[in-house]
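There are 4 protein chains.
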Amino acid sequence: MSYSFGRSLRVQIFGQSHGEMIGCVIDGLPAGIKLDTDEISAFMARRAPGRDANSTSRKETDVPRIISGLFDGYTCGAPLTAIIENSDHRSSDYGKLKDTPRPNHADFPARIKYGGFADYRGGGAFSGRLTAPLCFAGAAAIQYLRMCGVDIGAHIYRIGGVTDTPFDPLGVKSETLKEISSKPFPVISAEAEEKMKAVIGKARSDLDSVGGIVECAALGVPAGIGEPRYDGIESAIASICFGIPAVKGVEFGLGFGFGSSFGSDANDQMRVSDGDVVFDSNNCGGVTGGISDGRPIIFRCAFKPTPSIARPQTTADLNEMTTTTLEISGRHDPCVVHRAVPAVESAAALAIADLMLAVNGNRHV
Amino acid sequence: MSYSFGRSLRVQIFGQSHGEMIGCVIDGLPAGIKLDTDEISAFMARRAPGRDANSTSRKETDVPRIISGLFDGYTCGAPLTAIIENSDHRSSDYGKLKDTPRPNHADFPARIKYGGFADYRGGGAFSGRLTAPLCFAGAAAIQYLRMCGVDIGAHIYRIGGVTDTPFDPLGVKSETLKEISSKPFPVISAEAEEKMKAVIGKARSDLDSVGGIVECAALGVPAGIGEPRYDGIESAIASICFGIPAVKGVEFGLGFGFGSSFGSDANDQMRVSDGDVVFDSNNCGGVTGGISDGRPIIFRCAFKPTPSIARPQTTADLNEMTTTTLEISGRHDPCVVHRAVPAVESAAALAIADLMLAVNGNRHV
Amino acid sequence: MSYSFGRSLRVQIFGQSHGEMIGCVIDGLPAGIKLDTDEISAFMARRAPGRDANSTSRKETDVPRIISGLFDGYTCGAPLTAIIENSDHRSSDYGKLKDTPRPNHADFPARIKYGGFADYRGGGAFSGRLTAPLCFAGAAAIQYLRMCGVDIGAHIYRIGGVTDTPFDPLGVKSETLKEISSKPFPVISAEAEEKMKAVIGKARSDLDSVGGIVECAALGVPAGIGEPRYDGIESAIASICFGIPAVKGVEFGLGFGFGSSFGSDANDQMRVSDGDVVFDSNNCGGVTGGISDGRPIIFRCAFKPTPSIARPQTTADLNEMTTTTLEISGRHDPCVVHRAVPAVESAAALAIADLMLAVNGNRHV
Amino acid sequence: MSYSFGRSLRVQIFGQSHGEMIGCVIDGLPAGIKLDTDEISAFMARRAPGRDANSTSRKETDVPRIISGLFDGYTCGAPLTAIIENSDHRSSDYGKLKDTPRPNHADFPARIKYGGFADYRGGGAFSGRLTAPLCFAGAAAIQYLRMCGVDIGAHIYRIGGVTDTPFDPLGVKSETLKEISSKPFPVISAEAEEKMKAVIGKARSDLDSVGGIVECAALGVPAGIGEPRYDGIESAIASICFGIPAVKGVEFGLGFGFGSSFGSDANDQMRVSDGDVVFDSNNCGGVTGGISDGRPIIFRCAFKPTPSIARPQTTADLNEMTTTTLEISGRHDPCVVHRAVPAVESAAALAIADLMLAVNGNRHV
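Just so you know, the sequences run in chain order A, B, C and D.
The first sequence: position 82 = 140 (our numbering), numbered continuously.
The second sequence: position 270 = 328 (our numbering), numbered continuously.
The third sequence: position 181 = 239 (our numbering), numbered continuously.
The fourth sequence: position 28 = 86 (our numbering), numbered continuously.
A portion of the hints provided could be inaccurate.
Repeated chains share a single entry, so a pair holds when one copy, or any two copies, can fit it.
Said to hold, decoys possible - In the DMTMM-like style, the derived pairs of lysine to aspartate or glutamate whose C-alpha atoms are separated by at most 20 Å in a straight line are:
no., residue 1, residue 2
1, 92, 78
2, 260, 323
3, 231, 375
4, 156, 334
5, 156, 130
6, 241, 252
7, 253, 94
8, 241, 96
9, 255, 375
10, 236, 96
11, 241, 226
Hints were generated in silico from the structure; no laboratory data involved.
Work out the full structure: start from the sequences and follow the hints.
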């Protein structure tokens, strides 16, 4: 259970890393959205493997084939479904991993949970590969949100301790988001880019991997979106983000920085300017009480380093019940953070679209 | 909508800070749990206001009255419902706040969302007071979990930059959790306690407030609990935690620390010892792929400083649409972090109980 | 689990027949509805016991006490919660039933399901008494729907084989619904009323009980409400109705009569009149494909006879595991159908309000 | 929204009648079920069009292609996904229907709801064709249920007023169900079969269509399955059944017959025989209080006649807003009842599997 999420907009993901196909069904998009499939493909290409020297050499064309939900180019009220072929998988890389769970992977709990029936090839249904259909769904939601005046974009905030220029929490602009999204390596600061790439390169040559943080902004969300308490914007975004493999933390605004802060500094004071309520700062990340307040929504997701590294590691042989040494020989990213950027954007888009539909209703556009 | 959460174990909270009553309904607890109501009351007393010099002087007896779901002292399969009187509220404190939203409170978005119909007294349904019924539900879940071999406990990890001794992520013991829970100010290190109390005292005398971080552990959760992807343990805990007022971040294991880490260090290697799989470390916080792996589950929640401070603050007068100065005169905590500890434990308990019921089924115990 | 239902408007019922209190929480009503509590009480009085010679002599004042969700007389966005005291219960009537399940009651499966922990007094949480909170929720939804132009009303369609004049499926008017709702015994035909009362009277004197059918109409539902397939109007209404004790069938329009019909007769042909699409008939009961089409929504619910009859019945003694004779001595209705009328109206109102909120959004009114 | 249903076992249907593909995702089947795909295909063939003289001449091979969720022949915990090509559709048949809604079809409300963006070809996503993926899901659930000791089968109870021998509500046997399922025209009585076929034949030659009723039995469901009130067995089965196109009524046991019955006759008395509780009758259809009691679960679904008939019908031209005459020329069944039998079985299987998983948990088998 639970390859699905959402209430007013329901997303169902399916597939395994080395199965025949992966894909998703999106149920609840209003009818009448003219979907730009080229834009969807371009969005998905941002997370596809094999695009540059910083990624795995596994290549997937990752062209989604839309098999339902579109009619004459518009969403028609039926579930929007896309399938993606797993064209370039090499299962032989993984056969020997069946009994030797990889550290920090889901291999071990999956084996316990599914009693040996889990598809262990390439992480099976736990693989990062299933962020491809998430990105398909996100790309569709982003097009819907744009019709509602909402823009979403993210950048690499940190990799291996190197930090990019953060978003201006109050003043971040749509143009900035657009510009970043066009970069193969989405950072704001050229200097940070250089350092981050050096860190990744060193990790690669060290047969190591490196973790990072993605920062995401949603602009134009009107005040009043989000339901109180347990269906607030923060809960909705966080619960999808934690479904992206490797995510281990989610914070809004100052986030964990609040742990060292005082109310006199942290409170975002308000005033009236030109007949509008404006804020002096945006420490809250655009959300109070779970509900948007008109400011940019700003959050960050922490990613652990790619677990699959080529160095010898100690693990258990679950068949022999002995300690053994594992050497992983498949193709693996030394860093997934740059490829995870559109997945985080997708999580934000799907959460916000779901909550906007609850407030605005699901009539055709 | 959405004062409720959970799938196999559904919790519905209700009430407003200055309404007649608050309470909750818990639907899905197995029949046959012998509930110790004294233990529930003791648990709730840990978050009740007015217990010590570090808290608001508002006093609520907070005695939950169980009106359904118990029969002869055991859960009977019917929803467990508790109501709590709001005995000591002073709404006159809040009348003047109707048109002047307090910075970092939900006042402003609530007014937009509900068009002036929201109960603004004391934050209405957005108030921290509604963590009382959450703690009732959590206390019941904790008793159920104990029957399943699971223990849950939390401590103050940080207040105003002062950090307590962290939990030993691999070796934390139930006895430690129990001992901490008996303290009025739940920290591990006496030195940290002294410093934290000094920070809170200074914030009080400065008419200021201070934020912090709570760290929580769940011990004894067997491997295989949690559903993959979007209903994993991390998603479930995070989405409830973000429903606790003032929570702005949730992280598991190393969390945001992963952003500066390398796989060679961060990977938790495994071995076989005495016929069992054991781990060398617990950077993942006991969860991989959303699923428990038998290690302690460790996570932290960041809390922003209490927004209500007595210092003059700038805000908008939404009636006059002018900038104005706000001076909040009600009784308010300079710090809620120590009182939030049982709320975080409750979020963990309810999320884990829900996911255990999905795996184990809901038969009577 | 599952004393709750609804997606955009979530209703959570609680309580047991002979527990301390029963009640409900309604989460998702838009803010700004001016609730007429006298009207709610009058609505609930229609299902209350002890009103006339046709009912049980158990008397409950059934005055709901609203403890959250209302502020200055208007819904405020917080969950609307009502509690109702169980003032006049006599548990001693039921003690001896613990081990001897009553035929056609939930006693037997409840004992199996809850392993002897179920509250067996008066049917516990399975009792018809829990239609009181359902009617509270329904009464609130009816007031919301009236603001949307929707009127709902029902009548006794059949009791013990005596049939009332059916609703005119195409021409039924709001005034008719209002008039029926003011009758203590809600039928259209005075002749049918007399015969039905005679049947009930005979059942009473025979120590027997009698079943029946309720017919319900919803007028003014605009075309386009309801989601396709599994969240259509029919699915939503039926799943709530089957949660009313004793309901064993639900049908829309011609319903089971379609089993003997031909398309040439059954098809509701359309034409254009005065610029509007009109139908020549309403065999479909106002719903096609799960979606409203602007016609009156018409459905019927079948109720089995009250299971509790005073005649000696054969049952099992589950303690001794012997066959025994049961004589039920409590106060019981020979017929619940007239008291069930507002419960059916409530099911319709809550289902339709839920589906209208999905289409229209949940903004304050 | 709402091409999905289920809580512990979630089914998501997708596709349009004349789109590229239809299919479904089933999330929540335990790992370790050895799926017999030939049996699935044979089950689906029972509802496929074009098999005999009683059906539409449209032919679809309807071979489901499983693209995820199976590994080495066993369910692996990942969502089970099947896609089915729409190989033999002739959209030209439908083009002219765009503006002229067919009586008793969803055409009219769909046009209102989706504002002209709905895929009108062949009923789009409202088509009976989408019972093919429902049957795929049902066939998988049936194999799971068989491992749990549960057998499900249905027969045509009535067509055009001709009634088959009903199931013996207490004594119906698995062998009988199996035997019926092997018949192309699933009835018990050869005499009824002959008469029903004559009725269908006459409807065909009259350019008419005919409605009917399907009766379904689930054997071997242990007592205690189903959640009380709004997630009972009746609610769960009914809400899926009403998602099958043309279903207009659902009843359990005596169903609407209860409307003319008395408690003294209708109550199913119990006794103890050979150490077991046995019932004297099964008027309740195996469910009391929403919960199974160990008897066969018996219910019936009423189907309206196929709306598409070749006779001239009056309808609206929604473009010209004039009254017009419609002549439908596509290939259409004069009766869908016999093809609907596996769809009803699927609804029962999926509802019962979902509720059994809630009680028993979702561990691998």
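Worksheet item: Which of the stated hints cannot be reconciled with the structure, identified by number in ascending sequence?
Response: 3, 7 and 9
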